[in-house]
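2 protein chains.
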Amino acid sequence: MSLLRCSFVQSVFLWCLSISAIADEGMWLFEDLPVDYLKSKYGFAPTEEWAEHVRLSSVRFNSGGSASFVSSQGLVLTNHHVAADTLHKLSSPKNNYAEDGFLAKNRDDEIKAPDLELNQLVSIEDVTDDVNQAVTPGMSPSEASKARQAAMAQIEKASLDKTLLRSDVITLYGGAKYHLYRFKKYTDVRLVWAPEAKAAFFGGDADNFEYPRYCLDVTLFRVYEDGKPAEIDHFLKYSANGAADGELVFVSGNPGRTQRIFTVDALKYLRDHRMPYILDLLRRREILLQQFGFEGKEQERRARDELFGIQNARKAYTGMLQGLQNPEFLDQKSAQETKLLATLNADAKLRSSATTWDTIRDVQNRQAELLGQSASFSRMSRLYSIAESLVLMEAEDKKPSEDRLREFRDSARESFEQQLYSPAPIYEDLEQVKLADSIAMFVEKRGGDDLLVQLVLQGKSPRDRAAELVGGTKLGDVPIRKAMAADGINDADPMIQLARTLNSEYRRLREIDEELTEIERQAYAKINEATVAIQGTSTYPDATFSLRLAFGTVKGYVEDGNQIEPWTDMAGAFSHQEFHESKGDWVLPDSWHNSHDKIKLDTPLNFVCTADIIGGNSGSPVVNKDAELVGVIFDGNIQSLTSDFFYSDKVGRAVCVHSGGVREALRNIYDAKHLADELGR
Amino acid sequence: MSLLRCSFVQSVFLWCLSISAIADEGMWLFEDLPVDYLKSKYGFAPTEEWAEHVRLSSVRFNSGGSASFVSSQGLVLTNHHVAADTLHKLSSPKNNYAEDGFLAKNRDDEIKAPDLELNQLVSIEDVTDDVNQAVTPGMSPSEASKARQAAMAQIEKASLDKTLLRSDVITLYGGAKYHLYRFKKYTDVRLVWAPEAKAAFFGGDADNFEYPRYCLDVTLFRVYEDGKPAEIDHFLKYSANGAADGELVFVSGNPGRTQRIFTVDALKYLRDHRMPYILDLLRRREILLQQFGFEGKEQERRARDELFGIQNARKAYTGMLQGLQNPEFLDQKSAQETKLLATLNADAKLRSSATTWDTIRDVQNRQAELLGQSASFSRMSRLYSIAESLVLMEAEDKKPSEDRLREFRDSARESFEQQLYSPAPIYEDLEQVKLADSIAMFVEKRGGDDLLVQLVLQGKSPRDRAAELVGGTKLGDVPIRKAMAADGINDADPMIQLARTLNSEYRRLREIDEELTEIERQAYAKINEATVAIQGTSTYPDATFSLRLAFGTVKGYVEDGNQIEPWTDMAGAFSHQEFHESKGDWVLPDSWHNSHDKIKLDTPLNFVCTADIIGGNSGSPVVNKDAELVGVIFDGNIQSLTSDFFYSDKVGRAVCVHSGGVREALRNIYDAKHLADELGR
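Those protein sequence lines, which keep their order, are chains A and B. Residues 1 to 681 in the working numbering are what the first sequence lists, from first letter to last. Residues 682 to 1362 in the working numbering are what the second sequence lists, from first letter to last.
Be a bit skeptical, because a hint or two may be false.
Unchecked claim - Straight-line distance between alpha carbons at most 25 Å, and here's what the computed PhoX-like set of lysine-lysine pairs gives:
1) A/Lys349 - A/Lys177
2) B/Lys1264 - A/Lys650
3) A/Lys445 - B/Lys949
4) A/Lys445 - B/Lys1126
5) B/Lys1126 - A/Lys339
6) A/Lys268 - B/Lys949
7) A/Lys445 - B/Lys1014
8) B/Lys1141 - A/Lys460
9) A/Lys333 - B/Lys918
10) A/Lys460 - B/Lys1264
11) B/Lys1306 - B/Lys918
12) B/Lys1264 - A/Lys94
13) A/Lys297 - B/Lys1306
14) A/Lys583 - B/Lys918
15) B/Lys1236 - B/Lys722
What the hints assert, rightly or not - Rough simulated footprint, nothing fancy, chain B against chain A, three-plus residues with beta-carbon under 8 Å:
16) 138–147
17) 208–217
18) 280–286
19) 518–525
20) 618–624
FYI, nobody ran anything at the bench for these hints, they're computed from the structure. Beta carbons are placed, not taken as given, at the ideal position from N, Cα and C, and that holds for glycine.
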């Protein structure tokens, strides 16, 4: 599964230093595609119409992930693991769709997701000057950050009022450019088909990030408008044959975050501080949820989706840290940086930029001191996050939209409320265990003698305190949330009291964080300027969970001396189960075994290509030169994990579900001919 | 399993502050039993003969754990989880005794353990004055530590030469007393019978530290002398009926470590620094070994014993930290301490002792700074630990015995060599994974730019470096180890080179550690003195993995409003499996199912009592007033985990295997009538 669904992905908006993109590197802006490179290497360049069609056929899952329209009737194809959050929210002990799969026999059976928002990118506008003019030379970083955010909020608000489209200003090239993206939003999204978890995540945590793979990691949704399936002009035609070995393919999706611009100091901060910290945290949560799941079958079900996400992130971060700990990699980065600095220092006009590197080092040092300092339990407790939102909103809504914390601005209100009032189930037992652990960690990080810790604990153990809070709050009830937002907060609610206790410390830490982000933004914008002055332009910005086009070829690789073929097939899935003696997660679902004789076993199931992807690309359509869908991205192999910092197509690969495998499964395993027909296959 | 087998148990030698032992608290020295208390409360007091018989019937597993002699022919009864390390070393993919159990049909079938040493405590002598006279007033802590250790080494050496018995000076009451313990050693120890892991650890990690329980956590060994079963004068008679509800019972074993004397500052250091650090470490290793086990059946087998130990420790530490994070507990401790300090300050003669608390606080602060600073990989790599031992020994052996690091002194040489030359299997794949993770952690803790880190990595990633080291060393070969010890170290061996690289940093950190320990020792000795001056004597020292006698009654308890009965029976084991739908570790072995109709299902299997125990007590015999064996300690319930810091019999309980259950299993499940007969039942 790998890609995205990791809540630890920090949005750091930076661009890529490696100006001369070698090989098939790059997560390119649709507004600035590498047409010349493609033409010279592949003799093919996307036309404007081609690009517009692919862009409009692409879908962003606002919950984190990518997808595409695949029929004129609003059918959306994504990964099972992108859908998992929704499948989990729609499941109960009786109807465990997340585990057992789901099929709507007809449109009336399709089930509405409680809080999904899908985005289609309909227009792009450069607003760099409008954003930058808000920041004047004399401003402190904190003032600059506020002024910049106010400008962005105003631009977004004006666009929303004018077009009624979701309008987001996207920071690109680490703050050197700002583009206004307008999205058509779909909020009535219904579940159409999902295979069993055993088929989608065959091989489980052990096979995750490995290749060869045999996963049917796909799910179908349908977007509705006014209670009817939305009519879609731009959707991808379906290719059941897929792409040939060596064929050029394109990936259109929303890579979440890369850090290729990072200075050596910034990478060292990741290596020595941030990544080890996050890995400790992930392992802590993994064990916590494992233990909770031991308590029974229903507990296991409740914890499963989050546990998968955490295991996925733990494996990804382990791979990334291993890359950073390899001295060879940082030595290479260091040599490049030294060379660049030498050029800067030799140039009288550019010399002053060299101090920017020191600025970044100072920011990293301050960030290292702040690691683990948090005054929020919102990541681990949904009930707390609701309380926190209500308490913050109460104060923020008294200000003009452009002065508010970013998530409370008018232009984002609709999406924000969809989350706040989501009727998705909240499990008290799981909430309690997670909140207790969050409070325990708060005690550990600040020390038991800290005054705020004592205010949080109120003389009780973290466990007893969590039980009291979760047992006492009424925020699980959506109407009560709405009533508090409309008529004023009920201060008798213990979770609200806790959010009030932490409010000023939360704001203090957030202010520091935003100040540091602004300093970094200005610094990387300067580095960008200097580098462009030396090396010229024509590159792609670091990933920002906005739409990009990557490209590459279908291609195997050599691992430990063995040739790994680019394809796997359905027969391979069965042999893989046999090889692992049907142990652990190497068990295909009954539906596959029951259909064994019907399945065309040589149908391709998964394949790899060299396209440059990262977390957030999950569910991205893979298309050929004719813009036909040949596959869906669902993972990267373990060797691709360092692509956060640098791209290499030596052995790093994107892993895809093959369009032919999906078609075969719909027709001959899942009894869903009507969907295969709708795909045009 | 819980008790012991935790390599993270740090030996901190401290005694108990709570002078007026209430209830059935106490891990008493055999040389100073609470005869008056027992007489007044229970109308029974052990005679000297009774105490000597029980002491001589008690056995210490030098690998960590307790046991008892149970026949005149050298039969030794302990826990399966104490035996697990040996079972694991004796196992291969073909003969997996650790998992599948073992039964010697006759004495010729009994298998010799590769490196077990069993100790029987035969005499005790107070040598406090001899040890203390070595330390003179003007000495620095570091000098004092060395002088004290030299004195201890000399006393031990003289005793060994005179008696040929293993002679250890034990630090008691945090350094206020030193006793010389002489042990008869058994090093020819053979495996006689072990049940399957499924029976011994039924319910696995999920049931660990829980009650009611249904575990047959026992194993039988036999000690040999001169190739024949040793003739044993003192062994425990076997009671198949066991003890009645409310009956007084005694536990004779080796509790590993308690910290009841700790000052509030010392407990806060544990709460805010040491325990969170250790838990991060344990979770890291748990995930590492889980992941390794995913690779295949054989990998799972190789990692299992260590993984169980780590899960056990993680659960224990989690419970302990939860106790410390409860403000109620520390507030209570604080109040006691404030009162004691007030009394000290009011007394002109004692006033100066009050500064001792500050001394301890300073030591804690220094220890917090040192946390995670380590220059050894010996905990995670057996091959590295061999290299480290050889490199240290080379230098240490040039000094007189009393000046050496403690483990290299002459009196300990035989036991040391048994470990160093152990033929127990070393699995290269597992070694590699563990060493790679240790090196990665070394990089994290010191930072990738550290010079020593760079010397360790030699330009390679931790993973590649570990592969090179494990692949290149010859230290897996016992004759090569012996040759290097005898003829000089081969510096071409890469693991030896690594140990040399780390040698001076290892010694520097160890010196600091020994200095801090000495300061603490002197401080707690002073606190002891002052407290005795105020409150009188008659108490027990904190646990030091030396023989103690605890006592209590067989007694149920109330949990969440439910009455928990003290007993479980064999029928309960089958219902427990049914309740958990035979999932995960809730599967009894085939032998139990096949014998279901033969088993007397109302035979008691486990029971609880209020005796004061802790890790290290695993395998301790539980005896009645007639010194008959009624059970074997194998766990404490989750509520007993805080007994590291304080004892409470409200809900905290020791968990035991019932003697009747063992007898029934031998006769009617394991076809081992000859062993039941040898037990006299």
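Checklist entry - Are there hints from earlier that the structure breaks, and if so, what are their numbers? => result Those not satisfied are hints 2, 5, 6, 8, 9, 10, 13, 14, 16, 17, 19, 20.
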